[in-house]
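Chains A and B, in that order, are what the protein sequence lines are.
Read left to right, the first sequence gives residues 1 to 305 (this note's numbering).
Read left to right, the second sequence gives residues 1 to 315 (this note's numbering).
If you're looking for bench data, these hints aren't it; they were derived computationally from the structure.
The structure displayed is predicted, hence computed values, not measured ones.
Positions of the beta carbon are idealized from the N, C-alpha and C atoms, including for glycine.
Among the hints, a few may not be true.
[Said to hold, decoys possible] Just so you have them, the derived chain B footprint on chain A, three or more residues with Cβ under 8 Å: (1) 77-88; (2) 103-109; (3) 284-296.
Given next are the chains, with one letter for each unit.
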Amino acid sequence: MLLLVEQILNGLQFGLLLFLLAAGLTLVFGIMDFVNLAHGSLYMMGAYFAATFVAWTGNFVLGAVLALGATLLLGMVLEFTALRHLYGRDHLDHVLATFGLILFFNEAVRLIWGPAGLALPLPPWLSVPVQILPGVYYPAYRLAIIVVALLVALLLYLGVMRTRIGMLIRAGASNREMIGALGINIKLLYTLVFGLGAALAGLAGLMQAPILTVQIGMGENILILAFVVIVIGGIGSIRGAFLAAIFVGLIDTLGRAFLPNLLRQVLSSAAASTAAPALSSMLIYLLMAMVLVVRPEGLFPASRR
Amino acid sequence: MKSAAKVPDVVSALLVAGLVLLPFYSSVTGNVFVLTMFTRIVIMALAAASLNLIMGYGGMMSFGHAAYLGIGGYAVGILAQEGIGSGFIQFPVALAASAIFALVIGALSLRTRGVYFIMITLAFAQMAYYVASGMARYGGDDGLTIYKRSDFAGLINLPNRVQFYYLCLACLLLVLFLIWRIVNSRFGLVVQGLRSNEQRMQAIGFPGTRYRLVCFVIAGIMCGLAGALLANNTDFVSPAVMYWTRSGDLMVMVILGGMGTLFGPVIGAVVYLVLEELLSQVTEYWAIIMGPLLLLIVLFGRGGIMGLLGRFSRG
Chain A
1 MLLLVEQILN GLQFGLLLFL LAAGLTLVFG IMDFVNLAHG SLYMMGAYFA
51 ATFVAWTGNF VLGAVLALGA TLLLGMVLEF TALRHLYGRD HLDHVLATFG
101 LILFFNEAVR LIWGPAGLAL PLPPWLSVPV QILPGVYYPA YRLAIIVVAL
151 LVALLLYLGV MRTRIGMLIR AGASNREMIG ALGINIKLLY TLVFGLGAAL
201 AGLAGLMQAP ILTVQIGMGE NILILAFVVI VIGGIGSIRG AFLAAIFVGL
251 IDTLGRAFLP NLLRQVLSSA AASTAAPALS SMLIYLLMAM VLVVRPEGLF
301 PASRR
Chain B
1 MKSAAKVPDV VSALLVAGLV LLPFYSSVTG NVFVLTMFTR IVIMALAAAS
51 LNLIMGYGGM MSFGHAAYLG IGGYAVGILA QEGIGSGFIQ FPVALAASAI
101 FALVIGALSL RTRGVYFIMI TLAFAQMAYY VASGMARYGG DDGLTIYKRS
151 DFAGLINLPN RVQFYYLCLA CLLLVLFLIW RIVNSRFGLV VQGLRSNEQR
201 MQAIGFPGTR YRLVCFVIAG IMCGLAGALL ANNTDFVSPA VMYWTRSGDL
251 MVMVILGGMG TLFGPVIGAV VYLVLEELLS QVTEYWAIIM GPLLLLIVLF
301 GRGGIMGLLG RFSRG
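Can you build the whole structure from these sequences, using the hints too?
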């Protein structure tokens, strides 16, 4: 029971991180029609910036805020110098160009920070367990991730649905020429959206950093999971990304935690221990395959066009 | 116009001649390294050519093509591990396994188009990667060493470098010939028609998805062959050959050489891998040059090397 509560919270926390990553991807895709493989690199850069700034300032929160700003800036510079020339081109061109960017970022990180990973230590007030239910303790930091991510999700929702900028973003997604004709600086808007997506990825990266080590290529595996989330949720839909991310986070975490034991009750223990790791890593892909069979355009397709 | 051979054709012919003559150069100069390097290049060219069949001619942007390299490789590796060393069993199993994987993945992912297709093929290939990493019996993450290359009962001796090179080259040329025949067949024309205008093809009564799926499976089988050869070449197979950046490499080779041209992927593979080798001799951080180079090729170099050569012949 205790383990179950803990694993559900872990799954929720992982799902929310996936959401932060998937939200940026799906925003950029929904609005600019741009496929950004280098999104995972921005996640990695967020973590590296955080590790650097925290060591530099000696303050976890200050370092995290600086890192967030740096990732935002990096995203906007990237959009301004290279990626905006690719809008309107074939998706394949996007994939290749951002694939080149991944190579570049990985090598640049190796050059600047060296091939060994970095550690991002937690401040004492975040590294204690807190009592969430009578007798159930949970690490304060993981709880903080859940709270921050939920807050960001709420802000993102309010920002897109309730503010003037959000209105422009939604308008830009449905008709690019028209909003330009109404005198809105669409290029600046795109740069801002890309920067926002980058900052979301950076936030996910820097929050994940204290749990795992900061290392080269850390963004690549989780990027694929973010793709799975988007495919399940429906491309361009933030609501779909949110629900699918939590779903994927829970299934992946619970599968890894409980599948070996479940299998052991059906199969012999030797067969179960060989099959379990492979099967539990396949679980979310099987889920994706099932969603594709039932609804090829995702569970919550964005209702545009 | 008709009498003068076009520049791309001349370059392709020179390339094939160069590949055929390479072992002689290697034995005359005693440069063994160039032979081992080009064995790998020829195998990767084979994989890139198979990707070109679906991507260039079929318009299916698969980002998971390296999965077949792993499946073909693991078929050879696992059978060798279990004591079945005959190539007459290993290779057909490698091709069949690739065909089955392509059939399942294709049937699911061809329900979608465009970006979805790119992401889904990527995700399924990554799934194959994780499954291979989880196979503790066959090395898991660390990979599987193949102690004995496929045995073809004295017909051809794989441990011999030159014989192995010619086997790979023969496979490449055979696959290119098959692709040429496929592309110019009725089947190939239907697949290309589906790339240009799917609705119109459906309207005149072609079941689009079925044609695409067959094409997808054929490409998977061809790449599975490359995987079986690659495993024999390195005497080793590991999940890393299926990692998604490998699929990206294959895509880059196809685009670099010229998508939808017969010899484009071969030229792309040669240029990409030779460039990688040269850059890595200059600096350990070769990817920092390669990455932006890719970006520039995408931004300015439409049609790849073949497209560029085609412009020469028009004058």
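Hint check:
no., hint, in the structure
1, 77-88, "holds (count 3)"
2, 103-109, "holds (count 6)"
3, 284-296, "holds (count 6)"
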